[in-house]
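Guided by the hints, dock chains B, C and D onto chain A, whose structure is given.
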Amino acid sequence: MTNKEFIQITDLTRVFKDNIALDSINLTIQEGELFGLVGPDGAGKTTLLRTLAGLLGITNGEVRQAGYELHKSTEAVKSEIGYMAQEFSLYGKLSVLENLRFFGEMYDVPAQIQKERIPGLLSFAQLTDFTDRRAAKLSGGMKKKLALACTLLHQPPILLLDEPTTGVDPVSRREFWTILNDLHLEGTTIIVSTPYMDEADRCSRVGLIYQGKIVECDSPEKIRGKVDGEFIKVVTHDWQKAREIIQPLKGILEIQTYGEALHILVDSAAKHIGRIRKTLKRNELDITEIRIVKPRMEEAFISLIRKIDQAN
Amino acid sequence: MSIRHLWAVIRKELQHILRDRGTFLLVLVTPTLVLLLMTYSLAVEIQHVPIALLDYDQSATSREFIYQITAGDDLDLYQNAASMEEVEDLLIKGKIKAAIIIGPEFSSDLLAMRGLSLQIIIDGTEPETGGFAVDHIGWRAEAFANEVLAEQILASGISLDSLEPIDLRIRSWYNPSLEPRVDIVPGLLSIVLGFPAFSVALTLAREHEHSTMEQLLATPISRIELLLGKMIPYILAGLVNVIVIPIIAMAWFNVPFNGNFIEFLLLSTLFLFAELSMGMIIGVFMKSQSAALALSFLVVLFPGFFLTGIFFPIAALPEMARMESMFLPGTHYAIITRGVFLPGIGIDTLWPYAIMLVILGLAFTGTAALFFKKKLA
Amino acid sequence: MMENGITIQTSGLVKKFGDFTAVNQVSFTVNKGEIFGFLGPNGSGKTTTIRMMLGLLPPTQGAIEVLGIQVPDLITSILPRIGYMSQQFSLYSDLTVIQNLEFYGQAYGLPQEKMDPVIREAIGLSGLNGFENTPTKDLSGGWRQRLALSAAILHRPEVLFLDEPTAGVDPISRRAFWDLLYTLVAEGITVFITTHYMDEAEHCHRLAFIQHGEIIAQGTPTQIKQDAMIGFVLEIDTDQPEDLIRAIYDARENGSSISLDAELYGSHIHVITTQPRQHTRTLYSLAEESDIQINSITEIDPSLEDVFITCMRETSIGGNHEE
Amino acid sequence: MFRRILALVKKEFLHLKGDWWLPAFMLFGGALELLAIGWATSRPITNLPMMIWDMDRTAASRDLVISLENTGVFAMTEPAESMETIQDQMDRGEINAAVIIPHGFANEIDTIGGEPVLQVILNGAESIPAREALRAVEGVVRSLDEEITIDHLGVNPDLFKGFDFSLRVWFNEALNEAYYTTPAELALMLEFTILIFAALTFSREREFGTLEQLLVMPFSSIEIIIGKSIPVILVGLFDFTLMLGVVHFAFHVPVRGSIFLLFGLAFMYTLVELGKGMAISVFSKSQHQAFLLVFMVGMIDFLFTGYAAPVESMPKAIQYLAYLVPAHHWLSIMRGITLKGSTIIDILPNILFLLGLGVVIGFFSLRYIRKALD
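Protein chains in written order, with the working numbering: chain A, 49 to 360; chain B, 2 to 378; chain C, 41 to 363; chain D, 10 to 383.
Keep in mind that the hints were calculated from the coordinates and are not lab data.
Taking lysine-lysine pairs in the DSBU-like style, the calculated list, with each CA pair at most 35 Å apart, reads:
id	chain 1	residue 1	chain 2	residue 2
1	A	Lys261	A	Lys355
2	C	Lys265	C	Lys72
3	B	Lys376	D	Lys294
4	D	Lys294	D	Lys380
5	B	Lys288	D	Lys380
6	A	Lys289	A	Lys342
7	C	Lys177	A	Lys65
8	C	Lys72	D	Lys380
9	A	Lys342	C	Lys265
10	B	Lys374	B	Lys288
11	A	Lys185	B	Lys375
12	B	Lys96	D	Lys325
13	A	Lys342	A	Lys326
14	A	Lys65	B	Lys374
15	C	Lys265	A	Lys270
Isolated chain A, as found in the complex:
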């Protein structure tokens, strides 16, 4: 089952007029992977997903998915894929149930099987009580869950989700990811793009795409490990003053604010933690907490992008 090469992208290039949106991308995704696609705005995430879904032509390169060559059998491969567009794209005037049925028909799911699957999907998406509500009247999170349910009705082996949780509240977001986790556990191959770095952390592998190229591709942990330097977390009663004091110190690479907490990026934590503590004390600041913390995905993301920018 596992470790089969399910999606294979070779030298994929897509050019729009004078803009290279995808620049010879090579990527292999195993069956059953939950693959996260992250990258700055406009890096090519949506273009890549749309291309995989057969919505955009290929300028150069090859894509093989579930045994199909994309450019040869664009239509046939669509049955193997569940694609969820970034913008809400269900029919607002149709009810939850009608939307589900519509996509069921589109993907040739026999009526009998639709009947069997729909109750499951509804409860899965926690929409059982809203079957007759028009999609336009659903809250943002519910819309997204409905959209996901619509793409799942034909039980596609591949799921392509383009920023499925943007604009969704944390409760719904967590529910959404519970669903994705369940699908992942059932063996569906999922590619999901997201601007939320905590979501990237939930993936089995993360690809960082930048300027149309995959610049990093590894497990979340390994990516986090690629941050140069270490983070020291400091909590004081006056973060603004603390920041002013620490900023000019030697060896401080960056300070990030998290409410009252400061995350200080240094080349070596052991070397600096004592000095920071001393300096703060000298300035009569009460330290509630000071310790070394692991970099978050978000920090890794920023640091990696900056590194590339500097290299250019």
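What follows is chains B, C and D alone, placed relative to chain A:
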């Protein structure tokens, strides 16, 4: 082609129309309502045309003449003018459409058989009413003159009949009194049934504007399925009007329907298919509703009015316009509707036009499908 | 007019749509120079509240004062001092980047000589250098969001209402955006913001949680975290996270006494618990039964997101009338 | 205030720029369409297919056919040999008229006191060409009548000449069809252009959700209305100028009255229609709906303009209603100033009505729009 895909799109589209009450009502009612309004406005029988009289003669004969001129419902005496200036003023202000100037020698000339001292002035800005006035004044004047002259003519040994020797026997088939509404109602059908084409163009453009197209394109539906599925609900909406309009035509406007209704439904479906395919092409090319709308006006509505032979006979159009009219489904359908309503002929005679509709429909749908890429860019 | 430094004050705000109460007795004050976060699930009444404060919707009951002016009656007099970025895409999609900005500038009466530098700055801020003449419909979601934000602050308003300004924006831009907000706040601007990013919420001075149209918690992020008392988060490091989480789910379904709220985070599993010691032990034994190797279990701080979710779950999920 | 309005105006124009179709239609569509339709329809009806069944086959019958052909109204098809052919062609709508010349037609003409019979069959399924055909046939027969009578009686042909009344056509001496069709078509095109453009102003912003943003900007509702109006007015007047150019230069329709008066009133009319269009726009929830409403309203107006049928001939109630339709007065003004050379006094009633309607429509639209915006 998968019937299930087709049906799903149709059902979705129907649900969409039905849910939006305002739009639903408008889509369904517009054709019939516009037809009613237009029939009323176009099939008005000209009457009560206001005229003025300027009588320089002021004789018993001229007064008798004036009495006869204004006796009917066709011409109404608006004013007895006292001078040419007054006539002029009335014409410029549009109060009257024609004026009759009775010369000072009107009665003496007439009695001496010297001629008719009569001048008619018409408002050339509205030749419909102007021409009407001329015709009617002319008939009356001729009859009046003949009457006055009859005695003298008889005295000179000429029979009155010999003044009009040819016995012109006019028969107007299908519409004995040439009432405009009888042929305008069937003719207008081809215009008002084109309205659903606008809706088709708009709904397709709307899917683009609201990015529902992206999701739709990601499904395995084929282009033809999608296009036909979008079209069929509006064909159905059109067919509702095809059923309602003949009933109104017969009951309200007294227009005969002599043909076979089932055949008429079939032929109307062919027309709707061809006409809506035109809307489809527009929808495929125009990615915004406003542009789709603008183009529909330009290529569907106005040519539909002027180039399909409803108001203006195709035979009289310039060569190029006649060519263009052959590509308009409305041209062929106008012939069909008139044929089915009035002479009551059927498919056995009308098949060439039916075939034209099918060819146009297929060609338009084909073009739409050809240019409708299942890609976003 | 703004004596005590209060920029926004609402009291007993109620909005009903027919039988449905979208906002119920909402009262809060926002001080000058403060970033006030307004958090709640989709459909909890956030947008309705913002719309009332901007005079777009008349409240059914209650009073609103913005910049010392009664809303909605006198709203027009303060509109030039307000900036607003709506949740919906608030730019004209067929206009280019620069045309949109120019329109905003002119609408807010920016003098011609200031226009150029301000627009230049806004373009730099949204990172759209080189895309000045691109129609906004061709921009990616995150970029559009950034542009809308730059447009909303183009005229340097005194109060800024932001309805999910950073939805779909990448972390780098979000960070730049928050840096900018801090700069603005330092200049004395007041910010009223809704967001679904809980890490952003931690940047706010004060927060209010809203659920079903009612405010259920208010205070600084730290206060709220302390008040919520949700317990601890255990992070489990294992080589077989999928297998372990399946085992946890199975145990829960079999009605075992251990009912744990567990979630998969890549190669880690997070478990929220009030009894960390006991559950650590349970987890080890569960792993042993299923023959799974646990490398380590560490206690980590609950994030504001964990707090938020717990708060919301307590008051059940629903509320979905927002359109 | 002025700068803010200017900003809105500019934005509205930019919307047009983005999509080249729309401005092309808005600015040039009317003029082009007018050119095409005017070209196609402003000509006398000619070439009506006519079928002759000549059973007589004499010089006289051939002369008759030639006179019919010489009218220019008819185009002769293959001659018929039987009634069935005529029936068939008529049913198919292939011919508009048929003339049957019976045996002995020439004989009857030659005999004094004879009764030559001529049968004419008209295709009533197309009443407009049928009437035209009838008129032409009657004309030919009348002059033939005259000839025969003169011939039989041996009288002076001038005797009858004096009995023709003299006819003068004012304002359109040459009976140029374009004179009456094109100004009316111009008036209608102008109405539709303004209505559509005005109807899209708000319905579009509402559909895209940008209306909310517009409302929180420091625009007063009056500023929004003015800002959105100016482009419509400018486009309307531009269109009007262009179309007037087409009418004047391509169709040689004179402008006999004051052109300034014409432009002044065109401006006034534009405002009135604008008010209607905007009210529709605010009322509609989507562009689709706005468009359908414009269509209905436009059609109703069309009914009352008097373009297709004289208002005087309609029932009294409808005549009064017609006074309440701006387009009705506009058409009178248009025809008056271009063809009749009307002065402001001549068309004063129309102007006053238009003004009155403008005030009423403007007042209610403004109130309605402001209420909807606030």
